[in-house]
Each structure stands twice: as structure tokens, then as C-alpha cells.
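S.K.: Read off the chains here:
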Amino acid sequence: MDKVLELKDFNVTYKNKSKKVYAVKDINLVINKGDSLGIVGESGSGKSTLAMALLRLLPEKNTDINGSSNFANMDLVQASEKELKEIRWKELSVVFQKSMNALSPVHRIGEQIEDIYRVHKPNARKDEILDRIKALLKLVNLSDRVIKMYPHELSGGMLQRVAIAISLIHDPKLLIMDEATTALDVVTQGQILAEIVKMEQTLDVTRIMITHDISVVATTCNKIAVLYAGELMEVGYVKDILKDPKHPYTKGLLASIPSLSGEKETLTGIPGHLPDLSQKYEGCIFAPRCKFAMEQCEKSKPSEVQLSAENRVWCHLYSHLDRDEQLESREDLVEVNR
Amino acid sequence: MKKYVTKRVLMGVLTIFVVFTINFLIIRLAPGSPISTIMGKDNDDPLLRAALEAKYGFDQPLILQYFIYLKNAFSGDLGLSIIYNKEVLSIISERLLPTLLLVLTAALLAVVIGTFMGMYAAKHEGSRVDVFFSGISYMFNSMPAFWLGLILIIIFSSVLGLLPSYGMINSRTSLTGVDYYLDVIRHMILPVSTLVLVEIPIYFRIAKSSIVQTLNEDFIVTLKATGMSERKIFNKYVLRNAILPTITIFGISMGYLITGVALIEIVFAWPGTGDLMLTAINQRDYPTLMGIYLIMSVSVALVMVVVDIIYATLDPRIRF
Numbered sequence: 001m002d003k004v005l006e007l008k009d010f011n012v013t014y015k016n017k018s019k020k021v022y023a024v025k026d027i028n029l030v031i032n033k034g035d036s037l038g039i040v041g042e043s044g045s046g047k048s049t050l051a052m053a054l055l056r057l058l059p060e061k062n063t064d065i066n067g068s069s070n071f072a073n074m075d076l077v078q079a080s081e082k083e084l085k086e087i088r089w090k091e092l093s094v095v096f097q098k099s100m101n102a103l104s105p106v107h108r109i110g111e112q113i114e115d116i117y118r119v120h121k122p123n124a125r126k127d128e129i130l131d132r133i134k135a136l137l138k139l140v141n142l143s144d145r146v147i148k149m150y151p152h153e154l155s156g157g158m159l160q161r162v163a164i165a166i167s168l169i170h171d172p173k174l175l176i177m178d179e180a181t182t183a184l185d186v187v188t189q190g191q192i193l194a195e196i197v198k199m200e201q202t203l204d205v206t207r208i209m210i211t212h213d214i215s216v217v218a219t220t221c222n223k224i225a226v227l228y229a230g231e232l233m234e235v236g237y238v239k240d241i242l243k244d245p246k247h248p249y250t251k252g253l254l255a256s257i258p259s260l261s262g263e264k265e266t267l268t269g270i271p272g273h274l275p276d277l278s279q280k281y282e283g284c285i286f287a288p289r290c291k292f293a294m295e296q297c298e299k300s301k302p303s304e305v306q307l308s309a310e311n312r313v314w315c316h317l318y319s320h321l322d323r324d325e326q327l328e329s330r331e332d333l334v335e336v337n338r
Numbered sequence: 001m002k003k004y005v006t007k008r009v010l011m012g013v014l015t016i017f018v019v020f021t022i023n024f025l026i027i028r029l030a031p032g033s034p035i036s037t038i039m040g041k042d043n044d045d046p047l048l049r050a051a052l053e054a055k056y057g058f059d060q061p062l063i064l065q066y067f068i069y070l071k072n073a074f075s076g077d078l079g080l081s082i083i084y085n086k087e088v089l090s091i092i093s094e095r096l097l098p099t100l101l102l103v104l105t106a107a108l109l110a111v112v113i114g115t116f117m118g119m120y121a122a123k124h125e126g127s128r129v130d131v132f133f134s135g136i137s138y139m140f141n142s143m144p145a146f147w148l149g150l151i152l153i154i155i156f157s158s159v160l161g162l163l164p165s166y167g168m169i170n171s172r173t174s175l176t177g178v179d180y181y182l183d184v185i186r187h188m189i190l191p192v193s194t195l196v197l198v199e200i201p202i203y204f205r206i207a208k209s210s211i212v213q214t215l216n217e218d219f220i221v222t223l224k225a226t227g228m229s230e231r232k233i234f235n236k237y238v239l240r241n242a243i244l245p246t247i248t249i250f251g252i253s254m255g256y257l258i259t260g261v262a263l264i265e266i267v268f269a270w271p272g273t274g275d276l277m278l279t280a281i282n283q284r285d286y287p288t289l290m291g292i293y294l295i296m297s298v299s300v301a302l303v304m305v306v307v308d309i310i311y312a313t314l315d316p317r318i319r320f
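Going line by line, the protein sequences match chains A and B.
Counting along the first sequence from 1, when you hit position 218 you're at 218 in my numbering, and nothing is skipped either side.
Counting along the second sequence from 1, when you hit position 84 you're at 84 in my numbering, and nothing is skipped either side.
Don't take each hint at face value.
Derived pair list, reagent style SDA-like, types lysine to any residue, alpha-carbon separation capped at 20 Å [to be verified]:
#1 A:85 x B:215
#2 A:85 x A:124
#3 B:236 x A:118
#4 B:232 x A:120
#5 B:236 x A:122
#6 A:90 x B:220
#7 A:61 x B:159
#8 A:33 x A:72
#9 B:236 x A:105
#10 A:82 x B:221
#11 B:123 x A:57
#12 A:121 x B:232
#13 B:232 x A:123
For the record, the hints were derived by calculation from the structure and aren't laboratory data.
Owing to the predicted nature of the structure, the values given are computational and were not obtained by experimental measurement.
Kindly produce the complete structure, drawing on both the sequences and the hints.
M.R.: As C-alpha cells, then:
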């Protein structure tokens, strides 16, 4: 399968004069063409930082990005501003958390979309652009009237749809949705998520969905990456992980969601808080909150355990799995990749 | 839009009317009267007083005086000055041009210079230039304008002898044509500089903070993510959003300038309305004073209406 994005030892550190905050640590992740990956985690787990760092939109003055992220034959971490401009929106686009403010309040929506279109096609004819905008608005179930309107004349759901339409304007290879439906009510969120899934049947786009809401991932993604305190806990197919979560943190996350069907259960949250990210920890970062924590967990960081071709977990509970077995499964993987 | 403009204009007229009424009452409530000024300090002849009061209509009840004045003002007659014994309208129109010249030049220079300084400082936030601009902006903002005027006179007129310290033209020469205008400009430099220096900090700070704030808006991040050039983002999207507070401040500040320029006019012996107003207050010259107040409130109301309309054309959220 074609790799669309490959993160290797990806680190993001916020820094100021007196301290450093290790917001994202040692992320290794591959996204294949056609995948839809949901990145989940609680607030402050580094989800948005990861997205903003990928897009290189963090202020360079106070952030360090290390490692590599290979996308479209270039390393986004090393890419120059000029190279980035080339691929921005054409190959890699984004829908932000607060779409209500994603457009300038004093310019007409049509004018703003036109300007964005012209970034990569400066000489486009006006009617060509208008056709494109109309087609996109139709895709997200909006009327043409929107073109002549100002953002304050639209509802939150409509603005979200506009933001999604704009993100698709140049048929990007990779679309990042950063909490794109979080600010909406559940009904609108449901509608838009259904539209996104339907849209993708006709588009050739790979999607990263950043959210704290596992149900969003369950309905719209095929893969999931669980992030805690800037580190990956578990990665794999949604169908496997939701049914049988391996990592205690994933278990905790799933146990804190009520289910509509089935027996009545007591909702259990995860006790404790996120650790202070300005310090480095020797052991597993989740150990202080983990009810299965062992002596080993405090001492050393768990390394990656390959459970199957696509499912990986970072937890000492599974490191007893025979090393040879792991190696074997890795060899399998290599073959699969070939 | 039409409805909005009509509404603003009506509001302006109402404001002028209210201001006019308050001024009419306040000046008459103050102790002293123009009759005493005309009669002189030692003269206390009741017959003369009664005759003068009848001549200027002060024997009528206050309410009647008010309506008579209102009626005349509407037909463009602001009455006779009690002290100068001349048409108030002609006295004021003589003095209005120099004041407007001073105020408009200063206001435009201040808004342009201040806003550009603010733009530069916002783009290079934390740089040495930013720190320097912010520093001097605090300094000039905390300076009383008349004092700054006096200091400028000491430096540039008394010590260096570069610029004239008073008046609008050099009365010892009779210049014509281009030379005349050059002479006026030379005389304008110090008073205009004083006003501009005091006004710049206001525009500097509002422009800087508004641009910094706009640069942190989510839509700017979105536009950056689209690969749009920084220059286009700044010139089209940041400026249009960030300029709105400057326009509001411009309106408020113009109102202040039109009325507050009096002190500067006195410091520089500028033949404007400010000087006329102070004399009128001291001599209780009711008609002249009311005339000046009327012209001032009309100018302020006019500026406010214009500013509101500009604002509404720039910000679609304002239109009703």
C-alpha cells in the first residue's frame, strides 16, 4: 500500500527562556492511502500540537520539531517555507476546531474562497472558480446563496460545512480535521460526519481525524491512534481496538463512555491527572494512573509491541510476549508491505 | 444602508439639539452678565441697564429667549455679538478656517503616522523599534499638550530660531501667492506638531494591539495553512479587520480635537475659534459663545456620522 504520511521519532517541544514542555514525544506512525485515522486522547494530550506541527503552523520561535514526517516526497520537518507553500492546501489541507472563526468576518465567503483558490491557480478564470465553489458547496449540502453571504449570517453547522468545502478545494491527498465537529450539537455533528463518510466514496482523500470523542472515530475512521501525554499508547484498526482494547489507558477511555445498549454499568473514569509535561519521565508515562502498574513500569519505558500487522501497543503488560514471536510478526509485516 | 444613514443623521441632529439646549442653560446659570461687561465696572445706572437689557432681549423670560434664539438660528441668523457688535456668523466664519486647517491637518497626520508605526511595531513585536515606539508613545501620551507646545516654542523658536512661535502669518510682511501659503505652513509646523505628537500614541497603541489581536485570530491560521502569502494575508485580511477600532478612535479623537484645540491655539496665538471662545466666555458674550458651541457640535456630530457610515461600509456586521 502507498504510504501517504510517515512519522518517524516525531517530537514537538515548546520552549521558553525558563522551561521546556515536551508536548509530543517519539511518535512513529504510518498512514496509508485511503486510511482514515482517528487520533484520540484527552485535552492536553498533544493531539492538536501534533496536527499543527505536521502543518508547520506553530511559531518557530518557541517550538522545536524533531524527527521526520515524510509526505509527498519531502520531509515536512525540514521543508523550506517555499516548499511548504507549494504543498499547502494542494496536497495537505486542514479543517480547524473553531470553524466559527475560520473565516474573516468582514469579507464575503465567496471572495475568501476565491482568494484561497487563487493561491495555487493565480490565473484561474472567474467562472471556473465559481463552478468549482458551487460544486463544493453542493458536496457539503449548502446552497449557492452562501457565496454572497458573510460568515455572521451563517449558523455554526453551515460554517463548518463551508470550512470542509474549502479544505477540499484543491483535492488534497491528506485532510486533517482537528476537532472539526466538536463545537457542534450532536445532531449536526452526526449529519456532517455522515456527509464526510459519504463524500469520501467519491473522493480520493486520506483523512486524519483529531478528536476527544471516540464515537466520532468509531463512526468515521478505520484506524485509531490513542495518544496520552504526547505519547502513543496504542495504534490499530478501530474494529479491533474498540472491541478488545489492549492498553489500560484505552480501556479506561472506553469505560468512561456510556453505551446505549447492553447492561447498565457504572461509568468509570480514569483517576488522576495528566503528568507535568515539562519533565522527562523514566518509566511509562501512564504508570501513575494505571491500575495494572508494575514495578517495571516505573523504571523503564515500554517499547513497541507488535500485536499484528497493523496493531501496536506500548505497554509492559504485553512485553512478555516472546521477543522471537515479535520478530516473526515483524517479518510477516515486512512481507505484507512488499 | 439608506435606513441606517437616515437613522445616524437623525441621531446627529438630536445630539446637536440637546447639546445646544444644555449650553444655552449653563452659560446663563453662570454668575455675571454681558450687560455688566458693556456698562463697565463702576457704572451702575439702573436706567441704562434696563435699556441695554431690552435691546438684547434679556428682559424676556428665559424660555422665550430660548425659543427666539432657536427660531433665528434655524433661519441662519446667530445674532449680533454683544461685545464686537458684529454678526456672530461672520466673526465665527473668519476664525473657523484656521481652526479647521489646524485640526484636520493634525488629525490626518496623526492617524496616518500613528497607524503606520503601530503596523510596524505589530509586525515586529518585541523588536527594538517596537520597544522604542512604545516607550515614546507613553511619554507623549502623558504630556500635557499646552506644555509640550511651550517646550517646542522654547526649542525651535527661542533657542534655535528656526520657526515662528505665534500667529498664522507674518504680519510684518505682505506676502502673496505661493509665498503666502509657504508662510502659513511655516507657522503651522509647531502647533500641528504639538497636536500630532500628542495624538500619535493613541493611534499607535490602538493599531498595534488591534493588529496583534487579529494576527492571532483563527482565520489567519487557516489562511496561512492554505499557503497564501504573508503579504496578501496582511494587506487584505489583517488590515481590513484591524482598522475598525482605529476608525472609531478617529471619530472620538476628532471630537476632542475640534473642541480641545482651544488651548493650543492660545499657546500659539493662532487666530482660531478657541481664542474667540475663551474671550467670549470671560465677557459673557452669549450670542458669540452659543454660535461657537453650535458650530462645534455640528462639526462633531458631522464627523461622527461620517465615521459611523465609513465603519458600516467596512464592517458588514453593523448594517441594519
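S.K.: Does each hint fit the structure? Answer for all of them.
M.R.: Hint check:
Only pairs whose Cα atoms come within 20 Å are accepted, and residue 85 (chain A) paired with residue 215 (chain B) is accepted, the gap being roughly 19 Å. A distance of roughly 18 Å separates the Cα atoms of residue 85 (chain A) and residue 124 (chain A); the hinted pair therefore holds under the 20 Å criterion. For the given pair, residue 236 (chain B) sits about 14 Å from residue 118 (chain A) by alpha-carbon distance, which is consistent with the 20 Å threshold. A distance of roughly 14 Å separates the Cα atoms of residue 232 (chain B) and residue 120 (chain A); the hinted pair therefore holds under the 20 Å criterion.
Using a Cα cut-off of 20 Å, the hinted pair residue 236 (chain B) and residue 122 (chain A) holds, with the two alpha carbons roughly 16 Å apart. Annotation: proposed proximity of residue 90 (chain A) to residue 220 (chain B) holds, straight-line Cα distance about 18 Å (limit 20 Å). For a cut-off of 20 Å, the pair hint linking residue 61 (chain A) to residue 159 (chain B) is broken: about 48 Å separates their Cα positions. With a CA separation close to 12 Å, the supplied pair residue 33 (chain A) and residue 72 (chain A) stays within the 20 Å bound.
For the given pair, residue 236 (chain B) sits about 12 Å from residue 105 (chain A) by alpha-carbon distance, which is consistent with the 20 Å threshold. Proximity of residue 82 (chain A) to residue 221 (chain B) is assessed by CA-CA distance (about 17 Å); at most 20 Å being required, the pair is judged to hold. Among the hinted pairs, residue 123 (chain B) with residue 57 (chain A) is consistent with the structure: their alpha-carbon atoms are about 17 Å apart, no more than 20 Å. Of the supplied pair hints, the one linking residue 121 (chain A) and residue 232 (chain B) holds, its CA atoms being roughly 15 Å apart against a limit of 20 Å.
For the proposed pair residue 232 (chain B) and residue 123 (chain A), the alpha carbon gap of about 16 Å is at most 20 Å, so the pair holds.
In this structure, only the earlier hint numbered 7 is contradicted, and the remaining ones agree with it.
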